[in-house]
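Listed in order, the protein sequences are those of chains A and B. Using the working numbering, the final residue of the first sequence is 408, and nothing's skipped along the way. Using the working numbering, the final residue of the second sequence is 408, and nothing's skipped along the way.
Hint data in this document are derived by calculation from the structure and do not stem from the laboratory. Virtual Cβ for every residue (Gly too), placed ideally from N, Cα, C. Please note: incorrect hints may appear among the correct ones.
What the hints assert, rightly or not - In the EDC-like style, the derived pairs of lysine to aspartate or glutamate whose C-alpha atoms are separated by at most 20 Å in a straight line are: (1) B:Lys329 <-> B:Glu357; (2) B:Lys51 <-> A:Asp144; (3) B:Lys303 <-> B:Asp56; (4) A:Lys6 <-> B:Glu199; (5) A:Lys51 <-> B:Glu140; (6) B:Lys6 <-> A:Asp235; (7) A:Lys6 <-> B:Glu403; (8) B:Lys301 <-> B:Glu48; (9) B:Lys6 <-> A:Asp201; (10) A:Lys6 <-> B:Glu236; (11) B:Lys6 <-> A:Asp56; (12) A:Lys6 <-> B:Asp201; (13) B:Lys51 <-> A:Asp56; (14) A:Lys6 <-> B:Glu140; (15) A:Lys231 <-> B:Asp3; (16) A:Lys51 <-> B:Glu48; (17) B:Lys51 <-> B:Asp41; (18) B:Lys6 <-> A:Glu199; (19) B:Lys358 <-> B:Glu403; (20) A:Lys301 <-> A:Glu140; (21) B:Lys6 <-> A:Glu195; (22) A:Lys6 <-> B:Asp235; (23) B:Lys88 <-> B:Asp186; (24) B:Lys6 <-> A:Glu140; (25) B:Lys231 <-> A:Asp3; (26) A:Lys51 <-> B:Asp49; (27) B:Lys191 <-> B:Glu92.
Unchecked claim - On the chain A side, residues computed to face chain B include the following (Cβ under 8 Å): (28) Leu2; (29) Met15; (30) Ser102; (31) Leu116; (32) Ser117; (33) Thr147.
2 protein chains.
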Amino acid sequence: MLDWEKIFATRSARMRASEIRELLKLLEQPDIISFAGGIPDPALFPAEDFKAAYADIMSGPQVGAALQYSVSEGFLPLREWLRGEMAKIGIECGTENIFIVSGSQQGLDYLGKLFLSPGDTALVNWPTYLGALQAFNAYEPNYDQLTPNGNRTPASYLETAAAKGGRPKFAYLSVDFANPTGETVDFEGRKKVLELAEELDIAVIEDAAYQSLRFDGTPVPPILSLEIAQKGGIDETRTIYCGSFSKTLAPGLRVGWVVANSAVIRKLVLMKQAADLHSSTINQMAIAHVAARGFDAQVAKIKAAYSARRDAMLAALSRYMPEGTSWTKPEGGMFIWITLPEGADGADLLAKAIVQEKIAFVPGKAFYADGSGANHIRLSFSCANEATIEEGIKRLGRLVSSEMKAAA
Amino acid sequence: MLDWEKIFATRSARMRASEIRELLKLLEQPDIISFAGGIPDPALFPAEDFKAAYADIMSGPQVGAALQYSVSEGFLPLREWLRGEMAKIGIECGTENIFIVSGSQQGLDYLGKLFLSPGDTALVNWPTYLGALQAFNAYEPNYDQLTPNGNRTPASYLETAAAKGGRPKFAYLSVDFANPTGETVDFEGRKKVLELAEELDIAVIEDAAYQSLRFDGTPVPPILSLEIAQKGGIDETRTIYCGSFSKTLAPGLRVGWVVANSAVIRKLVLMKQAADLHSSTINQMAIAHVAARGFDAQVAKIKAAYSARRDAMLAALSRYMPEGTSWTKPEGGMFIWITLPEGADGADLLAKAIVQEKIAFVPGKAFYADGSGANHIRLSFSCANEATIEEGIKRLGRLVSSEMKAAA
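Could you build the full structure based on these sequences and the hints that come with them?
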């Protein structure tokens, strides 16, 4: 029998099952209160709108086109709608700057593929979106730390990278209510990331998956919009913006988008032609149909529900979590990030949480490229109602308190 | 401004726009008779069945699941249906051996990603499916020739490969009515490919995209079925089978599948989790809905239409093509492959064909990993009716005859 490990590519060594993901699979029991998920609440999907969209498409003159192969760039009316949305947040561009992908996860995979040769360096936050690390891992990079404010010491940094034989290629960051922290990079931080990218002469990948889900506070302009304002046009920029319909309309259709200067978009289109030809034609049409008729109303509905849940979770955390713990106060999104005392281990805590308190969350370590961050946990408030949140956080507070007493 | 070429990965040098594809974009004029496409006839799509499928899904209890994230392995009822189909052609396996991809093109991309490190060797036919070369190119392999019968001289071959620093990883071949030749690998040829793979200790990628579209002749068992029979079970095999719904139901949903031993499937699932999470949930449900209710009837409908078109094209070729040319007689699929006299150039012929005769086809060179094959052209019969085929081949015969006279 063939010894597969002998013929797999070297990159396959970095494709490993996540222990956490395997553990969480076991949690789909109704008596567990789970804050682990990080997925949108299906009760809030615009199901009637999608039903009407598929019915219209399948009854209309475009039915043949909906079922047929289509162009790798993406469905033009959807890209035209996105051009209007992008303009509203300061990203003036043409449809030739907008590329449709099968979810923004695919955008991250393609960007890793476009930029990373083995040994190249990707700058990421500690912690960062786990899915980005997984996507980039396939291209065998090194990681180095991008601080939340973009600060680094480029000269010494470049020496280190050169000594390792690689070259920094991009800084990746999630800018609004990031997964896992819920934090937003402020205006100054965004400018500093751009400055760093200029100094290092690298690209910026701006993951804006949660951007529409701001509940309160003041919107911060996208890095790409700052750069367009500085440079005078999108084709002069180094920032690549990744958007998603998964958190606003529905993830099951797998539709997201990338906005960038046309040199990058042209390469991504060639890459997609070779990798999966194009994203589902009918789903792109359905997204365009629903977005054009009710995107803002749908976003308002989700924000109302999620912000009430965030409020409930923050209130419960204040009530039940012991001294010595802290947490973020996100202005949107789906996540709150808890910092436990030094020495605490989120993975150990999860094992006890499941058995003793029947609650679940994600231990923080998985989000760190260097494997640090054990004393953090991620909570998602997107899929639980307020009463469940109250009960779940009460249990979490009880467990953390008793663990801290035991450790003292 | 950032010099993108400086920071793109080395692989990006192999992502180039196909001249032919660019040329063919110009051909979407109604007065051109095109045999270039290679896409299914949209008039034959089971549009009513898909309309009913989407309506049922969006009105039923699974609507939330249809719009939600789902598992990377693929929708279980679809994999169960496929298990039954695979068993009918001698591929006995479990659902853990079946993996859903976003079109079989994605299967090829993932297999390139799983096996190929830069400099490794992929064995392919001269000519082979252009999309496979494009998918594999991203992983920077060398190519070497796999003859239609799988013959090679492994010992000397391995020495050459070792001298180049790479290692052969797999033999890729399209087995039934292949794109571009329309030819089928016979029983002996399939056994020889397997023997070669055993000697070289490499995998076999069996592209079966057209398998269901056999109009006449005797079906040849898939290589994977031969190997399962030899070895006693799928988990002992080295053959990876790629299937597609694009030629039978519809390409616009982007649903295909891969069947292999579970060691390979597990790696592919991890890869997909990192690359795009999963294929569209709702589309997998729609495909499962339509396939379960009428796959065989749909395939029968397509075969009746395409076989009449093939017959018309073969008859017209006999009538109009001059001495000194030859062509394949496919038992199914969508393509006929024309061999022109040595020295002829399909690309030159296309340029003249468009201007002088208002017909189009694909020059053969693009399908050769070594850039040879200039004296071939590919014709597709899938999208033209019999009268158009007659007229188009008449024009082709006239052009080729006059070119051959001019060259004589």
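Fill in: List of violated hint numbers, smallest to largest
Structure breaks hints 1, 2, 3, 5, 7, 11, 20 and 33.
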